[in-house]
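If you're matching them up, the sequences are chains A and B in order. Counting from 15, one number per residue, gives the positions in the first sequence under my numbering. Counting from 19, one number per residue, gives the positions in the second sequence under my numbering.
No lab work stands behind these hints, which were simulated from the structure alone. No residue lacks a Cβ here, since even glycine has one placed at the ideal position from N, Cα and C. Hints should not be assumed to be uniformly reliable.
[What the hints assert, rightly or not] Derived coverage of chain A by chain B (criterion: at least 3 residues anywhere in the stretch with Cβ under 8 Å from a Cβ of chain B; other residues may be distant):
| hint | segment |
| --- | --- |
| 1 | 60-74 |
| 2 | 206-213 |
| 3 | 260-271 |
[Claimed, not checked] Each computed DSS-like pair below joins lysine-lysine, with the alpha-carbon atoms no more than 30 Å apart:
| hint | chain 1 | residue 1 | chain 2 | residue 2 |
| --- | --- | --- | --- | --- |
| 4 | A | K257 | B | K164 |
| 5 | A | K311 | A | K331 |
| 6 | A | K224 | A | K331 |
| 7 | B | K164 | A | K331 |
| 8 | A | K331 | A | K257 |
| 9 | B | K134 | B | K164 |
| 10 | B | K134 | B | K67 |
| 11 | A | K257 | A | K21 |
| 12 | A | K224 | B | K67 |
[Unchecked claim] Calculated Cβ distances over 12 Å to all of chain B for the following chain A residues:
| hint | residue |
| --- | --- |
| 13 | F19 |
| 14 | E56 |
| 15 | L98 |
| 16 | H127 |
| 17 | S152 |
| 18 | R164 |
| 19 | P252 |
| 20 | E253 |
| 21 | K257 |
| 22 | L327 |
| 23 | G332 |
| 24 | T334 |
| 25 | P352 |
| 26 | P355 |
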Amino acid sequence: MGIVFRKETFRDDFSFRNSPANIRRFPFPFDRDAYMYAVNIEAHTNGRPGTVFENGIDVDEHYVSEMQDRALVLAEDPLRCQSLPHMELAGWDLLELLMEQQAGGYPEHFELHREGLNWRWINRPLGIDDRFVFGDVSTLPYGPMEYITRQSQGDFCLLDQRDDNLWMDAGIVTTQADWSLDFDIGMNFMEWHAPVPRAHEMGVFDRALKFMLNLRHGQPMRRFNWTMTINPRLDTSPENYHKWGPERTTVTTENVGDKVHLRVELQSFWRLPRSNAVVFPIRCYLLKLDELVTVPKWARRMHRVLRDLPQDLVDYKGMTRWRPLAIDYLAAFDDGAPTSPGFWPD
Amino acid sequence: MLQPSIKSRPVYGTLTPRAGSEHLIVADAAGADAILDMAAIAPLGFFDKAHILYVPIEHSNRERGDRLRALDAAMFYEGPSLAAALPRLAQALANARMGTRLYLAGTEGLIGQAMKMALDAGIDHSSIETEHRGSTARRVQCVHCKGITENVTTQPAVCAHCGLTLFVRDHYSRRIAAFQGVCIDAEEPGIVPPTEEAFP
Chain A
15 MGIVFRKETF RDDFSFRNSP ANIRRFPFPF DRDAYMYAVN IEAHTNGRPG TVFENGIDVD
75 EHYVSEMQDR ALVLAEDPLR CQSLPHMELA GWDLLELLME QQAGGYPEHF ELHREGLNWR
135 WINRPLGIDD RFVFGDVSTL PYGPMEYITR QSQGDFCLLD QRDDNLWMDA GIVTTQADWS
195 LDFDIGMNFM EWHAPVPRAH EMGVFDRALK FMLNLRHGQP MRRFNWTMTI NPRLDTSPEN
255 YHKWGPERTT VTTENVGDKV HLRVELQSFW RLPRSNAVVF PIRCYLLKLD ELVTVPKWAR
315 RMHRVLRDLP QDLVDYKGMT RWRPLAIDYL AAFDDGAPTS PGFWPD
Chain B
19 MLQPSIKSRP VYGTLTPRAG SEHLIVADAA GADAILDMAA IAPLGFFDKA HILYVPIEHS
79 NRERGDRLRA LDAAMFYEGP SLAAALPRLA QALANARMGT RLYLAGTEGL IGQAMKMALD
139 AGIDHSSIET EHRGSTARRV QCVHCKGITE NVTTQPAVCA HCGLTLFVRD HYSRRIAAFQ
199 GVCIDAEEPG IVPPTEEAFP
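Here chain B stands alone, though its shape is the one from the complex:
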């Protein structure tokens, strides 16, 4: 479970079917269960107006994909990675009509990056339905080299780009879709606390 924290740290809800002209849904393997839970309470015809982008990433869970497919959405896409799916999402957002609703489910990295794309398309973040599922791994921007390290599970963590050891803060930027990492041993290089599995 994600714990409440400081006010820049995103909070997520439970996906709820909203009235809308179309429903744009993005999920990874963990998030698929949130879509299926929403489907159980969705009104008849909800998925006739839905476009699902499913990005299972490392999980090769066929069963979830099959169950999502069985929802019979107007459009269904299963992609190999979020990076591969983002151009399709960008186009869908660019073509979105008034009344399009966006639903994001899964890890914070997926929710954050899809939300960033929606913000760039002019959608207000508070109108987006989100639900966190699965790992609490973080996407972290090194404040020093600005490189982004994906799937950070430890505290501290090593920047994959410049190699500095970073303290992973709760401070989060929607615009960057990442938590902030700050050099933990700046004052006394090499004096680093033991590494803990903080974001399993």
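Bound conformation, chain A alone:
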């Protein structure tokens, strides 16, 4: 039993793949044949077995390799992980949450033992067995946020709540869709979302903020976001854009199915008990078009969504250059048949 962790890369030779079973559990984000912004927030309740919603914090076959990729990013650029001084308590809250969720969801891989403040954390996939004192940073090799997020898939933003706003005052961001934590840290909710087109005018962020300010402990929420990425590169940072940007010109009719990836962010929101901060995990899932078209419903729908996407969103998501090739590729899998409601495979 347990997950078989893949050995793979998200850079250089890009050996990342999804197993057939992992394709079926991919969080396909379109519940209809068109896409437009919506607040689309729902309760983050544990869902059906065999889906990414089975546990509050999902661990999958890419876990070990993703953590290795994160370590490479941090060695090159430690500013991808930052915490303003008042956020340490929130970091301990996050450590507790992620340890509880991972140990609870995957007991064959993770164990958490507590005797008062003396904690023992066992992470078998990464070969870690550490004892530490909860709340005493000198007993861990990193600050609490960095320690646990080096062992948790996805980016994490810790948001302080004050003045009826949320402030991004800590985070670890190595699998991002082209935004810079180093630049955005310290900004409020409206400011860090400032560059997003259309959504402000639609009132999406006003409603989303109101919603998040009222988030309650023990009642996490979630939403999806998505974009598309050339090559299965987790670290599409603005810092390195001049290095990965040229890959957008490498898509051809021959390689489009292998190179173009649907990139889905499963964003969840959790109120933290001691600090009253909100943690905002942004978990990135990648799926090659070659893998996507193995689910006929998704192939039809992806073709229609991509074909009908408004031009400003196409430009914002960086798809302008290669989108026609992806549409042509997907068109061969769209027979025009109607698709069933919802995002699950038929």
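Start from chain A and add chain B according to the hints.
For chain B alone, coordinates are given in the frame of chain A:
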């Protein structure tokens, strides 16, 4: 004039005299006029509790300096550069009492850097009086090498540190006191649109 833009882009007001135990005022040559305009409506005794840090920078406009001096502030300083004035500002902020008000006037680079220092001293940005005057030149951080290029007037602009050609975004960080610059020809190196004087 600065045009309204995205929500991270700072907006500035008109300096207004506030009730306060002391008034810490920072201005460059263009901002001096905003101080003088505020002086015209300030209550009697306002400048008895004021500390003016005047940094004319490249303008050698004696007349403005003399007029500021004539306001007879409790403390008046005229410095050769903002960099030279910032340690004095840091000390003033560190020693500031409850009820100290901060007024910043001039170019965005001056307002931004003085505000950053105030934020570091624990002052909330929304309590600071600001007024933009003069050039719309921008202070730009290259997102790639993190180097800061001062007085950027063109779109695109060349990073003074790594040499990449940058698209200057409206996205602004108070913590860095700079706009964000992102490589404009990352996808096809060398394919760069013509340079325009965008921030005169």
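For each hint, the structure was consulted:
1. 60-74: violated (count 0)
2. 206-213: holds (count 4)
3. 260-271: holds (count 3)
4. A:K257 <-> B:K164: Judged against 30 Å, a Cα distance of about 15 Å means the pair holds.
5. A:K311 <-> A:K331: holds, 23 Å
6. A:K224 <-> A:K331: It holds: about 26 Å lies between the C-alpha atoms, which stays within 30 Å.
7. B:K164 <-> A:K331: With a Cα-Cα distance of about 23 Å, the restraint between B:K164 and A:K331 holds, given a limit of 30 Å.
8. A:K331 <-> A:K257: Since the Cα atoms of A:K331 and A:K257 sit roughly 17 Å apart, the hinted pair holds (cutoff 30 Å).
9. B:K134 <-> B:K164: holds, 17 Å
10. B:K134 <-> B:K67: holds, 23 Å
11. A:K257 <-> A:K21: holds, 24 Å
12. A:K224 <-> B:K67: Since the Cα atoms of A:K224 and B:K67 sit roughly 41 Å apart, the hinted pair is violated (cutoff 30 Å).
13. F19: Nearest chain B Cβ is 33 Å from A:F19, so the label holds.
14. E56: Since the minimum Cβ distance to chain B is about 26 Å, A:E56 lies beyond 12 Å and the statement holds.
15. L98: At about 9 Å from chain B, A:L98 fails to clear the 12 Å cut-off, so the statement is violated.
16. H127: holds, 39 Å
17. S152: holds, 26 Å
18. R164: The claim holds: A:R164 sits with its nearest Cβ about 23 Å from chain B, beyond 12 Å.
19. P252: violated, 5 Å
20. E253: Incorrect as stated: the minimum Cβ-Cβ distance to chain B is 6 Å, not above 12 Å.
21. K257: Per Cβ check, A:K257 is inside 12 Å of chain B; nearest 8 Å; violated.
22. L327: A:L327 clear of chain B: closest Cβ-Cβ about 16 Å, beyond 12 Å.
23. G332: Nearest chain B Cβ is 9 Å from A:G332, so the label is violated.
24. T334: A:T334 not clear of chain B: closest Cβ-Cβ about 9 Å, inside 12 Å.
25. P352: The claim stands: A:P352 keeps its Cβ more than 12 Å from every Cβ of chain B (closest is about 37 Å).
26. P355: About 35 Å separates A:P355 from the closest Cβ of chain B, which puts it past 12 Å; holds.
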